[in-house]
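Engineer: Listed below, chain by chain, are the residues.
There are 2 protein chains.
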Amino acid sequence: MIKIVAKMPVKADQVENFKEIARELVEKSAAEEGNISYTLNVSKADPNCLAFIEFWKDQAAIDSHNTTEHFTTILPKLAALCSGEPEVELFDLLF
Amino acid sequence: MIKIVAKMPVKADQVENFKEIARELVEKSAAEEGNISYTLNVSKADPNCLAFIEFWKDQAAIDSHNTTEHFTTILPKLAALCSGEPEVELFDLLF
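Just so you know, the sequences run in chain order B and H.
In case it helps, the working numbering puts the first sequence at residues 1 to 95.
In case it helps, the working numbering puts the second sequence at residues 101 to 195.
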């Protein structure tokens, strides 16, 4: 299993807009065959830091996800609401 | 639900030792009533960065976890194998 933590530094006045646009991405990504868990979360330390926390079956599932229409059309809209670059980290499950 | 991502910068020659000691912490934490998911993972970008990724029912579950014998006795052993301070981030689930 591969886990992704993608932290998005959202402009303070765009947080509600970000959540509204992200909902479709969350729903459609969670419905993909290779997805195990896909959620949007908010940092307890920074209310403008929203984080996608994603569990995927394997790299093929992530590669497939990255080509979906919901990913390629919605992510740029979300990136445009950020004040800086997203910070994306990938992890392999040990146990 | 509250999610924790706790990144541990492990000394290069202590990674296998860290994993061995962490296994009991993972198993006992995952068995707690308020735990939803508790795993040890390794960063794809840095093989010496091991990360606990934890899903908890609520803050009370985390408070209870923090007083368990497995947490209070094993975590210091793991911290002693690190080259720096752990980086711990907490997130509230939005959707």
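Just so you know, the hints here were simulated from the structure itself, not pulled from any lab data.
All of these numbers come straight from a predicted model, not from anything done at the bench.
Hints may be right or wrong, so weigh each one.
With a straight-line cut-off of 25 angstroms between C-alpha atoms, the simulated BS3-like cross-links for lysine-lysine are [said to hold, decoys possible]: (1) H:K144 to B:K57; (2) H:K111 to H:K157; (3) B:K57 to H:K157; (4) B:K44 to H:K157; (5) H:K177 to B:K57; (6) H:K144 to H:K119; (7) B:K19 to B:K44; (8) H:K157 to B:K19.
Beyond 12 angstroms from chain H on every Cβ pair, some chain B residues (computed) [as the list claims (entries may be wrong)]: (9) Q14; (10) N35; (11) T39; (12) K77; (13) A79; (14) L81; (15) E89.
Yeah, the Cβ is synthetic: ideal placement off N, Cα and C, and Gly gets one too.
Engineer: So, for every hint listed, does it hold in this structure?
Structural biologist: Results of checking the hints against the structure:
1. Of the supplied pair hints, the one linking K144 (chain H) and K57 (chain B) holds, its CA atoms being roughly 15 angstroms apart against a limit of 25 angstroms.
2. As the CA atoms of K111 (chain H) and K157 (chain H) are separated by approximately 32 angstroms, the hinted pair breaks the 25 angstroms bound.
3. Between K57 (chain B) and K157 (chain H), the direct Cα distance comes to roughly 23 angstroms. Compliance with the 25 angstroms bound is thereby established for this hinted pair.
4. For the hint pairing K44 (chain B) with K157 (chain H), the CA-to-CA distance comes to about 15 angstroms; that is within 25 angstroms, so the pair holds.
5. For the suggested pair K177 (chain H) and K57 (chain B), the alpha carbons sit about 31 angstroms apart, so the restraint of at most 25 angstroms is broken.
6. Proximity of K144 (chain H) to K119 (chain H) is assessed by CA-CA distance (about 16 angstroms); at most 25 angstroms being required, the pair is judged to hold.
7. Taking the CA atoms of K19 (chain B) and K44 (chain B), the gap is about 16 angstroms. The hint holds against a cut of 25 angstroms.
8. With a CA separation close to 22 angstroms, the supplied pair K157 (chain H) and K19 (chain B) stays within the 25 angstroms bound.
9. The claim that Q14 (chain B) is not at the interface with chain H holds, since no C-beta of that chain comes within 12 angstroms of its own (minimum 15 angstroms).
10. At the 12 angstroms boundary, the C-beta of N35 (chain B) stays outside the reach of chain H, the nearest C-beta of that chain being 15 angstroms off.
11. With a least beta-carbon separation of about 6 angstroms from chain H, T39 (chain B) fails to lie farther than 12 angstroms from that chain, contradicting its non-interface assignment.
12. For K77 (chain B), the shortest C-beta to C-beta distance to chain H comes to about 17 angstroms, beyond the 12 angstroms cut-off, and the non-interface label holds.
13. Interface exclusion of A79 (chain B) from chain H stands, the closest Cβ pair being 18 angstroms apart, more than 12 angstroms.
14. No beta-carbon of chain H is positioned within 12 angstroms of the beta-carbon of L81 (chain B); the least distance is around 15 angstroms.
15. Some Cβ of chain H comes within 12 angstroms of the Cβ of E89 (chain B); the nearest lies about 6 angstroms off, and the non-interface call is violated.
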